[in-house]
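Undergrad: Chains as they are written, first to last, in the numbering used here: chain A, 4 to 194; chain B, 4 to 194.
Possibly wrong hints are sitting among the right ones.
It does not matter which identical chain is meant; a pair holds if it fits inside one copy or across any two.
Calculated pairs, EDC-like style, for lysine to aspartate or glutamate (alpha carbon to alpha carbon, straight line, at most 16 angstroms) [claimed, not checked]: (1) K160 with E71; (2) K160 with D176; (3) K177 with D22; (4) K13 with E193; (5) K13 with D170; (6) K179 with D98; (7) K13 with D176; (8) K163 with E193; (9) K179 with D167; (10) K13 with D98; (11) K184 with E140; (12) K163 with E140; (13) K68 with E140.
In short, the hints are calculated from the structure, not lab data.
Chain residues, written in single-letter form:
Number of protein chains: 2
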Amino acid sequence: MSSTREKRHKPRLIVHTGDGKGKSTAAFGMGLRSWAQGWNVGVYQFVKSGKWKVGEKLAYETLAKAHEDNGVGGSIFWYTLGEGFTWLRSNDHTDQQSLAQEGWDLVKKHLAEEKNRLYILDEFNHVLSRGWLDIDEVIDTLGRRTGNQNVVITGRKAPKKLIDVADLVTSMDKIKHPFDKGERGQAGIEW
Amino acid sequence: MSSTREKRHKPRLIVHTGDGKGKSTAAFGMGLRSWAQGWNVGVYQFVKSGKWKVGEKLAYETLAKAHEDNGVGGSIFWYTLGEGFTWLRSNDHTDQQSLAQEGWDLVKKHLAEEKNRLYILDEFNHVLSRGWLDIDEVIDTLGRRTGNQNVVITGRKAPKKLIDVADLVTSMDKIKHPFDKGERGQAGIEW
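Build out the structure end to end from the sequences listed, making use of the hints.
TA: In structure tokens, the structure reads:
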């Protein structure tokens with residue numbers, strides 16, 4: 004029978020999916036809490052998104068600097084996979100697949116080292132749903148992670164196999180969206 | 004016919020509702036983008052939640068300090084309504100209603116002054132769904148707000164009247180939650 008302490012510290016596998024807004028945004032919001040606890044937080048961007056999450060990145064860099072300078076909060080490491088490559092311009096799935104594999108190999112290395120206490124695998128569902136990685140190997144690796152390592156995976160179309168093994172799954176569902184009315188995204192809100 | 008610039012700058016009324024996680028968390032994630040644009044961000048906590056969002060608050064304080072010290076990002080103002088009062092202990096709805104009114108009066112004052120460019124009205128749906136404020140007056144005030152003021156309202160049970168006038172509505176829906184298995188919340192993840 005596990006103690007209260009053990010229950011409280013059970014590391015989580017969290018999935019944010021659905022066709023609505025807020026999947027990544029809520030993951031980055033969750034990262035604020037992990038940072039505030041003094042945890043190491045790792046962000047792994049698996050898909051080049053519209054504006055590369057410039058706002059979140061500036062905020063996270065600022066929080067990481069506050070940790071370095073004043074010891075407040077924890078460390079933050081931000082990895083943009085395939086940066087410098089022609090990710091979005093390439094229509095060659097082999098390239099995207101090898102970048103995805105490279106990114107996942109980095110995550111696996113860090114999990115083995117117990118580098119972080121929170122991993123944000125941003126848009127990783129996209130990679131999984133495209134079949135660019137072996138889903139069984141991914142789930143096996145996540146399931147065998149040691150220590151106190153929490154993982155949050157975002158993106159549409161989370162595979163059922165992932166949902167089955169996750170601890171917490173939330174679907175962000177679109178009720179109404181201004182783009183439906185032909186409005187455009189704006190700095191400060193969408194990026 | 005509005006120009007592209009005008010379209011891009013149309014201020015948004017955003018609602019995060021549903022029974023899942025991530026409603027407030029995504030709002031605080033959105034605040035990172037607004038802060039990064041140099042906007043004034045105002046947080047108005049309408050309901051005393053479990054741990055008072057201590058992690059988000061520390062992160063926001065750190066970002067606000069970075070703005071003051073180094074000019075990066077924007078200002079952040081954080082208002083915890085009813086702080087010092089016995090909000091949760093009180094079962095007297097009149098007290099909660101008067102605190103809600105006090106909080107809303109503060110938001111109205113700031114909207115009239117165009118104090119912020121993003122308003123996070125955290126758990127305001129709770130206040131509205133309880134009927135503690137006049138929903139028609141709230142909607143009228145929000146609809147007549149001037150300038151470039153974006154508002155995001157979080158909480159379960161968003162009233163239909165609010166959804167009808169909102170620009171962007173997302174429902175965070177629970178697919179799976181560890182508390183269902185009897186697990187407890189933990190620092191760094193839930194607060």
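Undergrad: Are the hints correct? Go through all of them and say.
TA: Hints, one by one, checked against the model:
Proximity of K160 to E71 under the C-alpha cut-off of 16 angstroms is found in neither arrangement, the shortest distances being 37 angstroms within a copy and 41 angstroms between copies. Both within a single protomer and between protomers do K160 and D176 lie at most 16 angstroms apart by alpha-carbon distance, with minima of 12 angstroms and 15 angstroms respectively. Proximity of K177 and D22 under a CA criterion of 16 angstroms is satisfied in both settings, with 6 angstroms inside one chain copy and 14 angstroms between copies. Within a single copy, K13 and E193 get their C-alpha atoms only as close as 33 angstroms, which misses the 16 angstroms cut-off; across copies the closest is 12 angstroms, which meets it.
Proximity of K13 to D170 under the C-alpha cut-off of 16 angstroms is restricted to the intra-copy arrangement: shortest distance 10 angstroms within a copy versus 38 angstroms between copies. In this assembly of identical chains, the alpha carbons of K179 and D98 never lie at most 16 angstroms apart, being 35 angstroms within a copy and 34 angstroms across copies at closest. Within a single copy, K13 and D176 get their C-alpha atoms no closer than 28 angstroms, and across copies no closer than 23 angstroms, so neither meets the 16 angstroms cut-off. For the homomeric pair K163 and E193, neither the shortest alpha-carbon distance inside one copy (28 angstroms) nor that between copies (24 angstroms) is at most 16 angstroms.
Taking the shortest Cα distances, K179 and D167 sit within 16 angstroms of each other only across copies (9 angstroms), while inside one copy they are farther apart (29 angstroms). Proximity of K13 to D98 under the C-alpha cut-off of 16 angstroms is found in neither arrangement, the shortest distances being 37 angstroms within a copy and 38 angstroms between copies. In this homomeric assembly, K184 and E140 never come within 16 angstroms of each other (Cα to Cα): the closest approach is 42 angstroms inside a single copy and 26 angstroms across copies. In this assembly of identical chains, the alpha carbons of K163 and E140 lie at most 16 angstroms apart only when taken from the same copy (15 angstroms versus 45 angstroms across copies).
For the identical chains of this complex, K68 and E140 are neighbours neither inside a copy (35 angstroms) nor across copies (44 angstroms), given an alpha-carbon limit of 16 angstroms.
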